[in-house]
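Line order of the protein sequences matches chains S and Y.
If you're matching positions, the first sequence starts at 154 in my numbering and goes up one per residue.
If you're matching positions, the second sequence starts at 5 in my numbering and goes up one per residue.
Hint data in this document are derived by calculation from the structure and do not stem from the laboratory.
Some hints could be false.
Computed cross-link-like contacts, EDC-like style, restricted to lysine to aspartate or glutamate with a CA-CA straight-line distance of at most 16 Å [to be verified]: (1) Y:Lys48 to S:Glu170; (2) Y:Lys75 to Y:Asp34; (3) S:Lys250 to Y:Glu105; (4) S:Lys250 to Y:Asp22; (5) Y:Lys44 to Y:Asp89; (6) Y:Lys71 to Y:Glu57; (7) Y:Lys45 to Y:Asp89; (8) S:Lys250 to S:Glu156; (9) Y:Lys45 to S:Glu168; (10) Y:Lys56 to Y:Glu86; (11) Y:Lys71 to Y:Glu28; (12) S:Lys250 to Y:Asp34; (13) Y:Lys48 to Y:Glu62; (14) S:Lys221 to S:Glu158; (15) Y:Lys56 to Y:Asp89; (16) Y:Lys48 to Y:Asp89; (17) Y:Lys75 to Y:Glu57; (18) Y:Lys71 to Y:Asp22; (19) S:Lys250 to Y:Glu86; (20) Y:Lys48 to S:Glu158; (21) Y:Lys75 to Y:Glu28; (22) Y:Lys40 to Y:Asp74; (23) S:Lys207 to Y:Glu105; (24) Y:Lys23 to Y:Asp89.
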Amino acid sequence: KNEVEQSPQNLTAQEGEFITINCSYSVGISALHWLQQHPGGGIVSLFMLSSGKKKHGRLIATINIQEKHSSLHITASHPRDSAVYICAVEGVFGNEKLTFGTGTRLTIIP
Amino acid sequence: DTAVSQTPKYLVTQMGNDKSIKCEQNLGHDTMYWYKQDSKKFLKIMFSYNNKELIINETVPNRFSPKSPDKAHLNLHINSLELGDSAVYFCASSQGAGVNEQFFGPGTRLTVL
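Let the sequences and hints guide you as you build the complete structure.
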């Protein structure tokens with residue numbers, strides 16, 4: 154069993170829908186990262202959080218340390234949001250390796 | 005300005021050859037990483053350097069040797085390439101010690117024939 158599990162693996166939605174991607178992990182962490190991998194292959198860091206909630210534009214990330222769970226939400230989804238979203242956790246001491254989830258492939262249909 | 009750059013973007017080579025991938029960051033970061041993304045798109049850490057010193061080595065075969073001539077560069081040299089080395093290799097960097105956002109390079113797609 155992977156230390157970081159994401160669900161769903163694939164998600165197809167209509168433009169404008171509210172999107173939720175979930176990440177559960179089984180180890181102690183210092184931080185959790187959400188990454189976006191574009192269809193062209195590039196990887197961009199969206200969020201890094203160790204507690205609570207962060208918001209950038211239409212994207213919201215939350216984390217519950219006690220439950221070892223994080224969610225990434227996209228409001229008013231758009232076809233340009235189509236990408237693979239990857240959750241990764243960083244070990245307890247910081248500056249440690251990232252352990253990645255298997256990713257969620259999101260497709261937004263116009 | 006490119007923050008983290010890698011060369012080459014594509015690399016096609018024969019089994020048994022030796023090849024290098026270069027990575028440079030102009031962000032002034034202290035820590036650099038190499039990740040491998042396999043055919044199933046799963047990312048895994050290979051190495052991490054902090055101020056030119058190796059701090060993470062994830063049981064990667066000895067054929068892989070990272071080299072950090074200065075803290076802005078982390079190159080990956082691969083000896084005796086095997087078919088299973090075909091993957092996309094990503095370089096990344098982050099600021100100093102502690103928990104920090106990582107910035108990724110564009111990736112190098114290595115194909116071993």
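Outcome of the hint check:
| no. | hint | result |
| --- | --- | --- |
| 1 | Y:Lys48 to S:Glu170 | violated, 32 Å |
| 2 | Y:Lys75 to Y:Asp34 | holds, 6 Å |
| 3 | S:Lys250 to Y:Glu105 | holds, 12 Å |
| 4 | S:Lys250 to Y:Asp22 | violated, 27 Å |
| 5 | Y:Lys44 to Y:Asp89 | holds, 13 Å |
| 6 | Y:Lys71 to Y:Glu57 | holds, 9 Å |
| 7 | Y:Lys45 to Y:Asp89 | holds, 14 Å |
| 8 | S:Lys250 to S:Glu156 | holds, 13 Å |
| 9 | Y:Lys45 to S:Glu168 | violated, 25 Å |
| 10 | Y:Lys56 to Y:Glu86 | violated, 28 Å |
| 11 | Y:Lys71 to Y:Glu28 | holds, 12 Å |
| 12 | S:Lys250 to Y:Asp34 | holds, 15 Å |
| 13 | Y:Lys48 to Y:Glu62 | holds, 9 Å |
| 14 | S:Lys221 to S:Glu158 | holds, 11 Å |
| 15 | Y:Lys56 to Y:Asp89 | violated, 25 Å |
| 16 | Y:Lys48 to Y:Asp89 | holds, 13 Å |
| 17 | Y:Lys75 to Y:Glu57 | holds, 9 Å |
| 18 | Y:Lys71 to Y:Asp22 | holds, 15 Å |
| 19 | S:Lys250 to Y:Glu86 | violated, 25 Å |
| 20 | Y:Lys48 to S:Glu158 | holds, 14 Å |
| 21 | Y:Lys75 to Y:Glu28 | holds, 9 Å |
| 22 | Y:Lys40 to Y:Asp74 | violated, 22 Å |
| 23 | S:Lys207 to Y:Glu105 | holds, 14 Å |
| 24 | Y:Lys23 to Y:Asp89 | holds, 11 Å |
The structure fails to meet hints 1, 4, 9, 10, 15, 19 and 22 from the earlier list, while all remaining hints are met.
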